[in-house]
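Novice: Line by line, the protein sequences are chains G and W. Counting from 1 along the first sequence, just add 1054 to a position and that's the residue number in the working numbering. Counting from 1 along the second sequence, just add 2 to a position and that's the residue number in the working numbering.
Hints may be right or wrong, so weigh each one.
[Stated by the list, open to error] To spell it out: a stretch of chain W is covered by chain G in this simulated footprint if at least three of its residues, at any positions, have a beta carbon under 8 Å from a beta carbon of chain G; those stretches are: (1) 38-44; (2) 98-104.
[To be verified] Here are the computed lysine to aspartate or glutamate pairs in the EDC-like style, where the Cα-Cα straight-line distance is at most 20 Å: (3) W/Lys-125 x G/Asp-1179; (4) G/Lys-1141 x W/Glu-160; (5) G/Lys-1122 x G/Glu-1158; (6) W/Lys-12 x G/Asp-1075; (7) G/Lys-1223 x G/Glu-1201; (8) G/Lys-1159 x W/Asp-145; (9) W/Lys-70 x G/Glu-1201; (10) G/Lys-1141 x W/Glu-140; (11) G/Lys-1122 x W/Asp-60; (12) W/Lys-62 x G/Glu-1132; (13) W/Lys-171 x G/Glu-1158; (14) G/Lys-1128 x W/Glu-64; (15) G/Lys-1141 x W/Asp-128; (16) G/Lys-1141 x W/Glu-76; (17) W/Lys-73 x G/Glu-1132; (18) G/Lys-1223 x G/Glu-1202; (19) W/Lys-86 x W/Glu-140; (20) W/Lys-12 x G/Glu-1068; (21) G/Lys-1118 x W/Glu-64; (22) W/Lys-86 x W/Glu-160; (23) W/Lys-62 x G/Asp-1115; (24) G/Lys-1219 x G/Glu-1195; (25) W/Lys-171 x G/Asp-1188; (26) G/Lys-1128 x W/Asp-128; (27) W/Lys-57 x G/Asp-1227; (28) G/Lys-1078 x W/Glu-64; (29) W/Lys-125 x G/Asp-1180.
[Said to hold, decoys possible] With the C-beta cut set under 10 Å, the calculated list includes, among others, these residues of chain G facing chain W: (30) Leu-1087; (31) Gln-1127; (32) Gly-1189.
It is worth saying that the hints were derived from the structure and are not from the lab. Backbone N, C-alpha and C define an ideal beta-carbon position, used for all residues, glycine too.
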Amino acid sequence: MALHLNLLHEEIREQRQRQRDPLKIGMMVLGALGALMLLYYLWNAYKVLEIRNRLGQAQHDWAKVEPKVTAAQKRSAELNGIISTTKVLDGMIDGRFFWAPFLEKLSRCVALNAQLTGIDGTVQDDGRISVSIDGLAAGREPRAAAEELRQLLLEQLGQSYREVKVEFKALEDLDTIVNIGGSNQSMARFGLNAIFSTSSAKSSPTPGPRTRNR
Amino acid sequence: MKQIQVKLSKDQFQKLFLSAVGFIVLVYVYFSFFLGPLSSSRDSALAQIDDLQGKVADSKSELTKTAKLEKQAETATTRFAALKALSPEGAPIAWFPPRIKTFFANQDIDKATARLESNSAYKEADLASWTRYGWVIELPQADFSTLGRAIAALENGEPLLSITRINIKALSEDPQSQQVTLTASTAMVKR
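One chain only, chain G, in its complex shape:
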């Protein structure tokens, strides 16, 4: 067997060591990884650019629509305001108490032998109507004439209003004698209190021109 001497073994070992250098291998691995990461980053950056373009387009679309939408929202709020205000005003209008029909009914109740000297009517906060009526009645039985007026008023008001109460607050004979239709008749002074409610059955106003078609 021939003797084989490797005189370069140290150099070969050093070369092998250089090849197996962990730092070198690590740097290569890092480099490869870095390259992969860079590629991935560039791919992502491209996608982000694409998304930004879409965003720009969306912003452009919105910029075109926004003034219209703002105007529409403003108009919508304005219209809603008008609708609700009109509703409230209509409620107020419809909730009014109409005095003319009441006065008409009252005038129908006053007979020839009675005279009203004062009427004081008020719409109370709860919507009830309170009317104080003062007057004079004449006849053989002036108190009966006053009572007749009260009964008639109760009946007439009951046709249009609810919870009607008509009561005497005063009824007194007077010494004065009046001549009605050629006959002397005695007199009585009366005071009536009428209270009624319009909440359920409202009196309709006297027909007349209205600005609104309903």
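Using the hints, position chain W against chain G.
Specialist: Frame of chain G; chain W shown alone:
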């Protein structure tokens, strides 16, 4: 099974450690300074796109809704304009008393006067632009039937006027005539 034993020298171990540290630093820098901001930028852009697309979609329904509302509110708008037109320009104290005087004069009731008693804002939020005015209308001499007709015409002609109190007294010197005091409130647009 063969066991492969790799013996590392101290120098090699140090280099390997350095490589590991380098790898960690690379990953950290990559995610923190490159991929992280890019991802957050993408997420934010996507969120903005979603938001804007939602707004654009909503805007279409908003425009349709407004157009529909415009049609529905046609009657209310006309009605509102008519009610608003009942309050002319200027202070109510300047135009309301003459208007009432003219109105009653046209109804054959002379010497009618109207004086302002109070004015206050409405509690209802819907009536923020309206004011309630309280008036006392005095009719020194009026026939009962004429008065009744005049009040009916007033109640029909002035929908925003509400008579809250009525006081009628017979005149002792003229039994055919009455002295009348009306307390009324009106809703008027703030000018």
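Novice: Under the constraints set out in the numbered hints, which ones does this structure not fulfil?
Specialist: 2, 5, 9, 10, 19, 24, 27, 28
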